[in-house]
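A.B. asks: If you want the building blocks of each chain, they are given just below.
2 protein chains.
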Amino acid sequence: MPHPLEPLSPQEVRQAASALRKHLQITSSTDIRFKVIDLFEPPKAQVLQYFHVSASDIRIHRKARIYYHKKPSQVLRKAIVNVTVAKVEEDEGIPDVQGPVDWVEFAQVEEACNDHPLVKKEVEKLKLPAGAKVVNDPWAYGTDDANERRRLFQCYMYAILNDDPEANHYSLPLPFAPIFDAHTLELVNFERLPEGEGKEIDAETQPWTPKEPVEYSERLLEKTYFRNDLKPLVITQPEGPSFNIQGRCISWQKWTFQLGWTIREGPVLNDVRYDGRSLFYRVSLSEMTVPYGDPRSPYHRKQAFDLGDSGFGLTSNTLALGCDCLGHIAYFDGIRVTGEGEPVHMPNVVCMHEVDQGIGWKHTNVRNGQASMVRDRQLVIQSTATVANYEYIVAFVLDQAANLHIELKATGIVSTMPIRPGVHSEWGTTVAPGVLAVNHQHLFCVRVDPNLDNGPNSIQYDDCVPVRNEPELDPFGCAFRVKSTVIDQPGGYDLDLSSSRTFKVINPSSVNAISGKPVGYKLHAVPSQMMMMGPETFNLRRGLFASKPIWVTKYRDGELYAAGEFTNQSREDTGLAKFAARKEGTAKTDCVLWHSFGITHVTRPEDFPVMPNEKMTVTLKPTSFFESNPSNDVPRSSQALNRSTLHQEVRSSAGQKEAKCHL
Amino acid sequence: MPHPLEPLSPQEVRQAASALRKHLQITSSTDIRFKVIDLFEPPKAQVLQYFHVSASDIRIHRKARIYYHKKPSQVLRKAIVNVTVAKVEEDEGIPDVQGPVDWVEFAQVEEACNDHPLVKKEVEKLKLPAGAKVVNDPWAYGTDDANERRRLFQCYMYAILNDDPEANHYSLPLPFAPIFDAHTLELVNFERLPEGEGKEIDAETQPWTPKEPVEYSERLLEKTYFRNDLKPLVITQPEGPSFNIQGRCISWQKWTFQLGWTIREGPVLNDVRYDGRSLFYRVSLSEMTVPYGDPRSPYHRKQAFDLGDSGFGLTSNTLALGCDCLGHIAYFDGIRVTGEGEPVHMPNVVCMHEVDQGIGWKHTNVRNGQASMVRDRQLVIQSTATVANYEYIVAFVLDQAANLHIELKATGIVSTMPIRPGVHSEWGTTVAPGVLAVNHQHLFCVRVDPNLDNGPNSIQYDDCVPVRNEPELDPFGCAFRVKSTVIDQPGGYDLDLSSSRTFKVINPSSVNAISGKPVGYKLHAVPSQMMMMGPETFNLRRGLFASKPIWVTKYRDGELYAAGEFTNQSREDTGLAKFAARKEGTAKTDCVLWHSFGITHVTRPEDFPVMPNEKMTVTLKPTSFFESNPSNDVPRSSQALNRSTLHQEVRSSAGQKEAKCHL
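Residue numbers (the UniProt record's numbering), protein chains in the order written: chain L, 1 to 663; chain X, 1 to 663.
Hints in this document: simulated from the structure, not taken from any laboratory. These numbers were taken from a predicted model, which means no experiment stands behind them. Hints may be right or wrong, so weigh each one.
Same chains, same label: a pair holds when it works inside one copy or across any pair of copies.
No farther apart than 27 angstroms at their CA atoms in a straight line, the calculated lysine-lysine pairs in the BS3-like style are these [said to hold, decoys possible]:
| no. | residue 1 | residue 2 |
| --- | --- | --- |
| 1 | K199 | K483 |
| 2 | K121 | K583 |
| 3 | K133 | K211 |
| 4 | K22 | K615 |
| 5 | K254 | K223 |
| 6 | K133 | K254 |
| 7 | K22 | K254 |
| 8 | K588 | K517 |
| 9 | K554 | K22 |
| 10 | K223 | K44 |
| 11 | K578 | K44 |
| 12 | K254 | K483 |
| 13 | K199 | K578 |
| 14 | K70 | K615 |
| 15 | K44 | K211 |
| 16 | K578 | K120 |
| 17 | K583 | K87 |
| 18 | K231 | K254 |
| 19 | K548 | K483 |
| 20 | K199 | K517 |
| 21 | K554 | K127 |
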């Protein structure tokens, strides 16, 4: 029997699809169009019961969540299928929402655009060089009209001038962005793009200005272009890794967790424990949105929700040895479905390996020079999602001091628009000849569902505030206090750097014997500019989660997504603010901590053709959870284990080699 | 002829001391007491001239800066000695300041305290167990009286109950803190410490409450205490490192720099260039201060300036292979002096090695799954300073995308005070039985002396601000602009997260051909709570640099230290605010960018006995400095180079092994 949070197996996916088809009395595969079949997670109460009783005494039914269309209807439907007993438990049409994008329709729209006569006719007017190809990226349409009900894609178009499989078409944006209906595959509107600094669009498509693309494909760059002085750096684990894998239950250095994976979120950490003590029920990247700051139509609609619209799991790369990680690597697979509901195996969508992050802790006794230190060994669980042009690398990183880091790296290719040579726009930066990269924001939300010492938990914030005007107590004015505020009102909260405000999860019933304080884990947040767009805009109304850095909600099953379940062409955020609006008290109960953060990306030529990674790290750190440094028991670093090598040339005398930190 | 910024050689140190002795007509070594002999850096104008003409055409005299006492005077003296021509160019007494701490007086004060009859008599009253030893840490005294002119040390005292060379005496703080005069070695005051939650001090020293220390020495912990499942992780560079060292001139992956080192600052990067283009004249950690938030005497005076009072170079660890770095390591040495002016060799005070920091950049073409990626190889130049109980690890980290990171890790042992068992104090956390760790701030200042494209440079800040109330331009309200402000007024400036305010150095005369913007490097700051103590306090008056996160000043030779040259027992900060008070315009000239940042450290039991590192990273990133991604020329990652190994157990089928990101 699988772990209750184990992703569906291929067989379970087939069983779920089959049960639904049977329930709907569908006999032809053309009468149904599957979009997503994923695990429908059991109620938390049930899973916690499973954790705490003998696993054999409780049988949790396996269930699938299915998004699909009953053709020819355009209405998205959602079904919950009990796979264990082959029964459809829920099945409903959800009017007025758009489901996420899937690869089937993505390919269909792309093809419809490429093949459309009007598109071809306009492309001809460009008089591209002989052999040039034209490609397009269908984009989630965004929202600028509350009455729009069609399922639309905006196709941004590009040229390719060579046959290389990695030709950088983003370096040759074309001034077209036709809109297609994904259900009918009809051209809804042929939009042309401004190429100057303002809104003006040429009256007629003009011949293309010849330009050289900026390439990143190794095959298109001269051999002499590359650095030739980078020497190999090899990481080996001669005795194997320190982790242990049983299915998707992983143990490493006192940590244990169940590695979940969903089409929407990619990797998820479930039931995270340290030394047997429960820390978190579920830690995940919940949502992200990327609004662009160029007001010129159609750019005003550009606002991807790369989890809700596309899915970080669905767009995950198949990772490869020697590329995405370095050292001794374990991989985990995923599953998506075809339009017919058949499972498609996605190999190596998650990698896991150990890294050395320098000094973990160190102290030297100055009286005798004796030093002790441990290295900072970490376990990295990582995925890369490619959302058309952009790449996001998400990693959960565990360390030996019981810290859990959530790392996000933004890389890939910035979204590009055409701009006439020599012209610049205030809405972005010219990153290559004829290429405008519009300024934008990447706004993420991480969801932390705590279970510290099995709960109930509270969330509080601590402010460091100076003592003022208490001369008796503080004659020299140096004193400061930690002022704690327990949050009982769900909603959005602000960081406050001026008081080092720190949000933390505590278990008020579990008191640290040393400090006398309740056990806790604090959030090291990423202080960020929130979404800039105002409350009247579709941008913010769709992504309210990005209006406040911290959210606290009362737990409810199924409330996993910061901007709500359906974000594609959404008109409002049905996530955090709605959960909070129930006004259910959040203190000493089952509460959830959410952190929204991100970067305002003012683009640079240095971001092109592929952008050097921009990294953000959120960390959860124990505070009075343990009675001493949890990494005090890590074996001390020594040359016998580390086997470093000495660079000899800089030695000024043989005597210096004798220095040792640890004997 | 050495590089003009090369630290003094042992011979030059001897020559400088000798020239000064001769000048002063000193014949007996007891008539002079040397504290510091270090390079007196030549004027920037001269060094720049040296860079830009043939080095043989210019001869820059080598000079030493000497801090010393002409005994028996207590007045600190400062001399500038031209070593090249053996001439004392300046020599003056500096009344009313205290020079930095040196190891000679540290040892003298420590001994004076240990041996003093009154101290011994009070220790006896504690009735420590047989065999117990008593040790003390002489602390820079701090300031609470504008009229104090003596050179004082506050000796915090601890017990040691075993013979281990790494016995953790910080776990057994004693309730004494006698004050000694460092010149006379006399006991000035025998202060006793509060042991309750308030100020109250017992009328008479009471017998010690037996307690077990919390130890970190491997020899004192049971073998079974340690984790036994950490497997070795070995980093090798079979073809050697990618760096090249010529003396202290280092080249690595298009970077070149001269590795400076001073007694006060530790490692310094001079003349930093990328691909031959000048970036920075000098990058350094300039100062730090650590005020404590406990108002109870004598804790109100605890405020270390670990660069100005002690010296990050002077307190640097001798690093050891297999401990402080992992992989292929080069080391560099330093020099300090004895009281007699003799050079003392400090082996391995700086280490340098390459690390792999995961994915540098990546893009996958979703049309065919073809991916390109480069790894993020970095060069780390690192030192560890032990300032009594605490350790600071400073690292300059260069990467292939032309980013320069300045990393600070705080580790070591928190400063501990006695507290009665079962009692807690609002001023800190009980981190072990009978051990209070007071809350405090670590406030650093990094100095960036730019020379982008050989200057002149300006410093500006960019704010990302939404367009509001321009419906014609921005009908849907999504637009935002980047508003730039060039700084011409020296002084302190604020960060503003609400506009993603970014400070950057630009060269207004050097325009990027692609973006049309001036070349620049931007500062990724560490947004932090500034010093909490108010403007009337000695804390802030001594550390004004920590009142604002950003400072801009007009360059002037010798202005290297954020809190001024002499911080020990200082009464006011003679650094940034004074430099700024000259009101010299800072635009399009030789300007300097300073960044103050830090952490407010609310202590945890998890920080004891040795604290897991707390890391802060400041980054300088090119922005329109290059015409494309500077790491586009890094050889693509491939298994042939990386030689990673596959964890086999998780493979579900043989077919999955074929995935490749790069052929």
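A.B. asks: Would you list, in rising numerical order, the hints stated earlier that this structure does not obey?
C.D. replies: Hints 2, 4, 6, 7, 9, 10, 12, 13, 14, 15, 16, 17, 21 not satisfied by this model.
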